[in-house]
Amino acid sequence: MKKEYEELYEKYELVEQEINEKLGRIEELKSQTKDEKKGADQVNKYLNNYFGHNSLKLEHEEGEGNYRFVIKRGDHVAYNLSEGESSLISFCYFMAKLEEIETKDKKLIIWIDDVDSRFKIA
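In full-length UniProt numbering, the protein residues as written are 1 to 122.
Do not take every clue at face value.
[What the hints assert, rightly or not] Restraint-style ranges between C-beta atoms, simulated for each label pair:
no.	residue 1	residue 2	range
1	I71	L98	31 to 39 Å
2	N80	N49	23 to 31 Å
3	L108	E28	43 to 51 Å
4	K72	Y12	47 to 55 Å
[Unchecked claim] Okay, derived cross-link-like pairs now, DMTMM-like style, lysine to aspartate or glutamate, Cα gap no bigger than 20 Å in a straight line:
no.	residue 1	residue 2
5	K11	E27
6	K45	E10
7	K38	E100
8	K72	E100
9	K97	E6
10	K97	D113
11	K38	E61
12	K22	D41
13	K37	E100
14	K3	E21
15	K38	D113
16	K72	E85
17	K22	E6
18	K38	E21
19	K57	E28
20	K37	E21
21	K57	E21
22	K72	E27
23	K106	E27
24	K37	E62
25	K57	E36
26	K97	E21
27	K57	E27
Think of the hints as simulated: they come from the structure by calculation, not from any bench. Idealized CB from N, CA, C, for every residue including glycine.
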(Lines of atoms letter the chains of each structure in order from A and count residues from 1; the text may use other names and numbers.)
(Lines give C-alpha, C1' and ligand atoms only; values in the text may rest on other atoms or scores of the structure.)
Protein backbone atom coordinates (compact mmCIF):
# COMPACT_ATOMS: atom_id res chain seq x y z
CA MET A 1 0.00 0.00 0.00
CA LYS A 2 2.81 2.40 0.87
CA LYS A 3 4.58 1.73 -2.45
CA GLU A 4 1.38 2.43 -4.40
CA TYR A 5 0.91 5.67 -2.46
CA GLU A 6 4.47 6.77 -3.24
CA GLU A 7 4.03 6.02 -6.96
CA LEU A 8 0.79 7.99 -7.08
CA TYR A 9 2.33 10.86 -5.15
CA GLU A 10 5.26 10.96 -7.63
CA LYS A 11 2.79 11.16 -10.52
CA TYR A 12 0.89 13.88 -8.67
CA GLU A 13 4.08 15.91 -8.22
CA LEU A 14 4.96 15.56 -11.91
CA VAL A 15 1.49 16.71 -12.97
CA GLU A 16 1.62 19.59 -10.50
CA GLN A 17 5.01 20.66 -11.86
CA GLU A 18 3.69 20.51 -15.43
CA ILE A 19 0.67 22.61 -14.46
CA ASN A 20 2.89 25.20 -12.79
CA GLU A 21 5.13 25.38 -15.87
CA LYS A 22 2.10 25.94 -18.11
CA LEU A 23 0.70 28.58 -15.76
CA GLY A 24 4.08 30.31 -15.82
CA ARG A 25 4.06 30.24 -19.63
CA ILE A 26 0.56 31.73 -19.67
CA GLU A 27 1.69 34.58 -17.42
CA GLU A 28 4.74 35.13 -19.61
CA LEU A 29 2.54 35.38 -22.72
CA LYS A 30 0.14 37.75 -20.94
CA SER A 31 2.98 40.06 -19.95
CA GLN A 32 4.33 39.90 -23.50
CA THR A 33 0.93 40.98 -24.79
CA LYS A 34 0.91 43.88 -22.33
CA ASP A 35 4.37 44.86 -23.56
CA GLU A 36 3.16 44.83 -27.16
CA LYS A 37 0.25 47.08 -26.19
CA LYS A 38 2.74 49.42 -24.54
CA GLY A 39 4.82 49.28 -27.70
CA ALA A 40 1.84 50.30 -29.82
CA ASP A 41 1.17 53.17 -27.41
CA GLN A 42 4.81 54.23 -27.69
CA VAL A 43 4.62 54.17 -31.51
CA ASN A 44 1.51 56.35 -31.36
CA LYS A 45 3.29 58.74 -29.00
CA TYR A 46 6.15 59.10 -31.48
CA LEU A 47 3.73 59.57 -34.38
CA ASN A 48 1.75 62.25 -32.55
CA ASN A 49 4.32 64.09 -30.44
CA TYR A 50 7.47 63.98 -32.52
CA PHE A 51 6.17 63.78 -36.07
CA GLY A 52 2.82 65.56 -35.71
CA HIS A 53 1.06 62.71 -37.50
CA ASN A 54 -2.15 62.22 -35.53
CA SER A 55 -4.27 60.76 -38.32
CA LEU A 56 -2.55 57.35 -38.17
CA LYS A 57 -2.35 55.09 -35.16
CA LEU A 58 -1.13 51.60 -34.42
CA GLU A 59 -3.47 49.31 -32.50
CA HIS A 60 -2.71 45.97 -30.91
CA GLU A 61 -5.16 43.16 -31.66
CA GLU A 62 -5.64 40.21 -29.36
CA GLY A 63 -4.91 36.80 -30.82
CA GLU A 64 -4.44 33.27 -29.61
CA GLY A 65 -0.88 33.37 -28.31
CA ASN A 66 0.10 35.79 -31.05
CA TYR A 67 0.14 39.50 -31.32
CA ARG A 68 -0.81 41.53 -34.32
CA PHE A 69 -0.96 45.20 -35.12
CA VAL A 70 -3.45 47.09 -37.22
CA ILE A 71 -2.78 50.55 -38.61
CA LYS A 72 -5.81 52.79 -38.49
CA ARG A 73 -6.63 56.11 -40.03
CA GLY A 74 -9.18 57.54 -37.64
CA ASP A 75 -11.45 54.63 -36.68
CA HIS A 76 -10.95 52.67 -39.91
CA VAL A 77 -8.22 50.27 -40.97
CA ALA A 78 -5.72 52.14 -43.14
CA TYR A 79 -5.17 50.58 -46.53
CA ASN A 80 -2.80 51.79 -49.23
CA LEU A 81 -0.33 53.62 -47.03
CA SER A 82 2.06 55.89 -48.83
CA GLU A 83 5.73 54.97 -48.86
CA GLY A 84 6.40 57.83 -46.45
CA GLU A 85 3.67 56.71 -44.04
CA SER A 86 4.97 53.14 -44.10
CA SER A 87 8.53 54.32 -43.47
CA LEU A 88 7.42 56.63 -40.65
CA ILE A 89 5.47 53.89 -38.87
CA SER A 90 8.38 51.48 -39.29
CA PHE A 91 10.80 54.03 -37.88
CA CYS A 92 8.51 54.77 -34.92
CA TYR A 93 8.18 51.02 -34.24
CA PHE A 94 11.97 50.68 -34.36
CA MET A 95 12.35 53.55 -31.88
CA ALA A 96 9.72 51.99 -29.59
CA LYS A 97 11.56 48.65 -29.66
CA LEU A 98 14.66 50.46 -28.40
CA GLU A 99 12.69 51.28 -25.24
CA GLU A 100 12.33 47.60 -24.36
CA ILE A 101 14.07 46.11 -21.37
CA GLU A 102 16.78 44.38 -23.41
CA THR A 103 18.05 47.67 -24.85
CA LYS A 104 16.82 50.32 -22.41
CA ASP A 105 19.60 52.34 -20.76
CA LYS A 106 22.30 50.67 -22.84
CA LYS A 107 24.71 52.66 -24.95
CA LEU A 108 23.78 51.55 -28.43
CA ILE A 109 25.29 52.58 -31.70
CA ILE A 110 22.60 52.85 -34.33
CA TRP A 111 23.52 53.35 -37.95
CA ILE A 112 20.65 54.25 -40.24
CA ASP A 113 21.39 54.08 -43.93
CA ASP A 114 18.35 54.57 -46.10
CA VAL A 115 19.54 53.58 -49.55
CA ASP A 116 16.13 54.36 -51.03
CA SER A 117 15.91 57.85 -49.58
CA ARG A 118 14.56 60.48 -51.95
CA PHE A 119 16.50 63.13 -50.03
CA LYS A 120 19.94 62.05 -51.22
CA ILE A 121 21.93 64.56 -53.17
CA ALA A 122 23.52 63.18 -56.32
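Check your understanding: Which hints from the list above does the structure break, by number from lowest to highest?
Key -> 1, 3, 5, 6, 8, 9, 12, 14, 15, 17, 18, 19, 20, 21, 22, 23, 26, 27
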